[in-house]
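A.B. asks: The primary structure of each chain is shown beneath.
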Amino acid sequence: DQQVKQNSPSLSVQEGRISILNCDYTNSMFDYFLWYKKYPAEGPTFLISISSIKDKNEDGRFTVFLNKSAKHLSLHIVPSQPGDSAVYFCAASGTGNQFYFGTGTSLTVIP
Amino acid sequence: DSGVTQTPKHLITATGQRVTLRCSPRSGDLSVYWYQQSLDQGLQFLIQYYNGEERAKGNILERFSAQQFPDLHSELNLSSLELGDSALYFCASSRSRDGFYEQYFGPGTRLTVT
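Which chain is which? The protein sequence lines are A and B, in order. Residues are numbered in my numbering as their position in the first sequence, beginning at 1, plus a constant of 391. Going by my numbering, 34 is the number at position 46 of the second sequence; the sequence numbering is gapless.
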């Protein structure tokens, strides 16, 4: 049972525009959410996180929004750059320190 | 560089064989996680160890086993290999930040079963 879902396998965005990646979860016990970025032939790298006590966290061009009532989070990248082209994984954790990952969204930023 | 190391980088073996993947966590991290990523799939959690003890189990097959040693490095053993076991295997370690845990991933081992 997939507790974290990324329903868009791929996304293409023009350079300079906003990229919005979405993620849904089913377990209301999750209290910490993370985004990871993965380039081919490399391991995922941590990008940004948010705890359930917040609804927004910003780090430079990256902002994560959390809507607890909808069990939905999103990652906004603005402005998008060609180097942002990668696979983005959403992850969630609750008690027990176990992480649940989505299937990833492949972002392509077109120069 | 995440500080997590995995060896080997690539492994090619035949069906029915057994292999061992190795992971060294970041210095000071007590938790080690193993994940499998098959083609077009997300990261499937296999197993977690914390300071030498198994902490959580995910979708790990009975043919697979893992352990974490006193020096905190971990090994994932895959036996009676099947073609479907071909995948990227990632190890991650974690530590607490402000009461929450973040994972840091190694570069992965690409296993090809022929």
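Just so you know, the hints here were simulated from the structure itself, not pulled from any lab data. Don't take each hint at face value.
Here are the simulated lysine-lysine pairs, DSSO-like style, with alpha carbons at most 30 Å apart [unchecked claim]: (1) A:396 x B:-3; (2) A:396 x B:45; (3) B:45 x A:462; (4) A:459 x B:-3; (5) A:445 x A:428; (6) B:-3 x A:445.
Bear in mind that the values here come from a model prediction, so they are computed numbers and not experimental data.
A.B. asks: Are the hints correct? Go through all of them and say.
C.D. replies: Status of each hint after checking the structure:
1. With a C-alpha separation of about 29 Å, the suggested pair residue 396 of chain A and residue -3 of chain B falls inside the 30 Å cut-off, and the hint holds.
2. As the CA atoms of residue 396 of chain A and residue 45 of chain B are separated by approximately 20 Å, the hinted pair is consistent with the 30 Å bound.
3. The hinted pair formed by residue 45 of chain B and residue 462 of chain A meets the criterion: a straight-line CA distance of about 25 Å does not exceed 30 Å.
4. The suggested pairing of residue 459 of chain A with residue -3 of chain B is violated, with an alpha-carbon distance near 39 Å, which exceeds 30 Å.
5. Simply put, residue 445 of chain A and residue 428 of chain A have alpha-carbon atoms about 22 Å apart, close enough for the 30 Å limit, and the pair holds.
6. The hinted pair formed by residue -3 of chain B and residue 445 of chain A fails the criterion: a straight-line CA distance of about 39 Å is larger than 30 Å.
The structure does not agree with the numbered hints 4, 6 stated previously, though it agrees with the rest.
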